[in-house]
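*Asks:* Put chains E, F and Z on the given structure of chain C with help from the hints.
Here is what each chain is made of, one letter per residue.
Number of protein chains: 4
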Amino acid sequence: MTMNEEKDMKIVNQEEPVVPRTNSEKEAVTNRLKRIEGQVRGLQKMVDEGRYCVDVLVQISAVKAALDKVGYQMLERHAKMCVTNAVKQGNGEEYMEELMKVINQYSK
Amino acid sequence: MTMNEEKDMKIVNQEEPVVPRTNSEKEAVTNRLKRIEGQVRGLQKMVDEGRYCVDVLVQISAVKAALDKVGYQMLERHAKMCVTNAVKQGNGEEYMEELMKVINQYSK
Amino acid sequence: MTMNEEKDMKIVNQEEPVVPRTNSEKEAVTNRLKRIEGQVRGLQKMVDEGRYCVDVLVQISAVKAALDKVGYQMLERHAKMCVTNAVKQGNGEEYMEELMKVINQYSK
Amino acid sequence: MTMNEEKDMKIVNQEEPVVPRTNSEKEAVTNRLKRIEGQVRGLQKMVDEGRYCVDVLVQISAVKAALDKVGYQMLERHAKMCVTNAVKQGNGEEYMEELMKVINQYSK
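Chains as they are written, first to last, in full-length UniProt numbering: chain C, 1 to 108; chain E, 1 to 108; chain F, 1 to 108; chain Z, 1 to 108.
Derived by calculation from the structure, the hints in this document are not laboratory data. One or more hints might be untrue.
Repeated chains share a single entry, so a pair holds when one copy, or any two copies, can fit it.
[What the hints assert, rightly or not] Cut-off 25 Å, straight-line C-alpha distance, at most; resulting in silico cross-link-like pairs (DMTMM-like, lysine to aspartate or glutamate):
id: 1; residue 1: Lys26; residue 2: Asp48
id: 2; residue 1: Lys88; residue 2: Asp48
id: 3; residue 1: Lys10; residue 2: Glu97
id: 4; residue 1: Lys80; residue 2: Asp55
id: 5; residue 1: Lys34; residue 2: Glu94
id: 6; residue 1: Lys101; residue 2: Glu15
id: 7; residue 1: Lys26; residue 2: Glu49
id: 8; residue 1: Lys80; residue 2: Glu93
id: 9; residue 1: Lys80; residue 2: Glu27
id: 10; residue 1: Lys34; residue 2: Glu97
id: 11; residue 1: Lys69; residue 2: Glu37
With the rest of the complex left out, here is chain C (with noise of 0.2 Å):
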């Protein structure tokens, strides 16, 4: 993903969410993350080992499959939450814009 598509997405002047995580909230995606994280060390340990490539793309697909799960629960969670009570509060057209920017992104 190059730079441009990543100025790309970002479109509201937001250093926060529009709604703070709780830590419950904080906690779940941290510990997702530790667990992909432990995932492609694991990769690392196969390519060392000298494992057959179609061993390592069935791994590969599934800590891409966890990714995607992370990033869809964001990004519902921003829409239902974020870009719901900005539209509320009458200055949701930035966000909506936003939101489908990300859209595209990930059906890419």
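*Replies:* Relative to chain C, chains E, F and Z alone:
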């Protein structure tokens, strides 16, 4: 990705690549994976710090793109070396069947 | 896409857009779809003429890209108009839930 | 998909399949494409009738899934027959290179 989907991809009873990876090939892949591992740790930090959802989503997209690259390079090497060698030695059918299953999973 | 996946996407009991399409909007979409229809007929001709597989695959990819564009524009209009209006009128929850299901299907 | 992306996929100077399609193979593919053509006409009707966006989006997703199936079957046949034959005849490199470019485009 369910366990069935994982089992679905693997057909050939093979523990190592038909054409083993050289040390420099291994190093190139593990270095990329180490960078991805670092990016996943970076995501955890962003969530801990309560960063805006879209900033986190942009980074998740970047990690997926990096993983896609590792996956594609491994798939390409597998096709050009392992599958091609197996076809030349007259037992390519299973390997080509397996290659197509991996491709089908990757284009989801 | 299975029947269940289709049923999975639709939540809101709605027969028409919350914000009806203008005639010029309708025309723009149907013109694109007519071009896609022509492209699909072109694919049939290529297969009949026994054209090389990769040439046909390149065209299939072009038709998918054109369909993606129509789908994305429709999704964007739906989010910016129908979903936004429903949120403003205080019954946005169902529409946002449905939007996320459509997004999940489209990013597969 | 841009013209460059189309040109990017085609490498081999080949006008017909290495292993020509039988008439029954041709018929099977063109029948699927005719059904897809009918589905695209159906989409035009839905838009003309002012149907709800999500209903149209569900159908667009169904057409894409049908196209994906045609594309995958053509890719599979190409790999198992044309590419495999080319490898056996000792000039498989170009065909495998081209196969990987098509795969890369299809997994976007």
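*Asks:* Treating 25 Å as the Cα threshold, decide for lysine 10 and glutamate 97: within, between, both or neither.
*Replies:* Intra 10 Å, inter 23 Å, cutoff 25 Å: intra and inter.
*Asks:* Using 25 Å as the alpha-carbon threshold, which applies to lysine 26 and aspartate 48: within, between, both, or neither?
*Replies:* between (33 Å within a copy, 6 Å between copies)
*Asks:* Measure nothing new, just compare the shortest in-copy and cross-copy C-alpha distances for lysine 34 and glutamate 94 to 25 Å and report within, between, both or neither.
*Replies:* neither (32 Å within a copy, 33 Å between copies)
*Asks:* Since the copies are identical, ignore which copy is meant and state whether lysine 69 and glutamate 37 lie within 25 Å (CA to CA) inside a copy, between copies, both or neither.
*Replies:* both (14 Å within a copy, 17 Å between copies)
*Asks:* At 25 Å max between alpha carbons, let me know whether lysine 26 reaches glutamate 49 within a copy, between copies, both or neither.
*Replies:* This pair counts as between: shortest inter-copy Cα distance 9 Å, intra-copy 35 Å.
*Asks:* Are the CA atoms of lysine 80 and glutamate 93 at most 25 Å apart within a copy, between copies, both, or neither?
*Replies:* Both ways: lysine 80 and glutamate 93 sit 15 Å apart in one copy and 7 Å across, limit 25 Å.
*Asks:* Can you tell me if lysine 80 and glutamate 27 fall within 25 Å by alpha carbon in one copy, between copies, both or neither?
*Replies:* within (20 Å within a copy, 32 Å between copies)
*Asks:* Tell me, please, which holds for lysine 88 and aspartate 48 at an alpha-carbon limit of 25 Å: within, between, both or neither?
*Replies:* Classified as neither: same-chain Cα gap 53 Å, cross-chain 27 Å, threshold 25 Å.
*Asks:* Within, between, both or neither: how does the pair lysine 101, glutamate 15 come out at a Cα-Cα threshold of 25 Å?
*Replies:* Classified as within; 18 Å inside a copy, 27 Å across copies.
*Asks:* First find the shortest C-alpha distance between lysine 80 and aspartate 55 inside one copy, then the shortest across copies, and answer within, between, both or neither for a cut-off of 25 Å.
*Replies:* Result: close only across copies, 17 Å inter versus 38 Å intra.
*Asks:* If the cut is 25 Å between Cα atoms, do lysine 34 and glutamate 97 qualify within a copy, between copies, both or neither?
*Replies:* neither (31 Å within a copy, 28 Å between copies)
Checked against the numbered hints above, the structure breaks hints 2, 5 and 10 and satisfies the rest.
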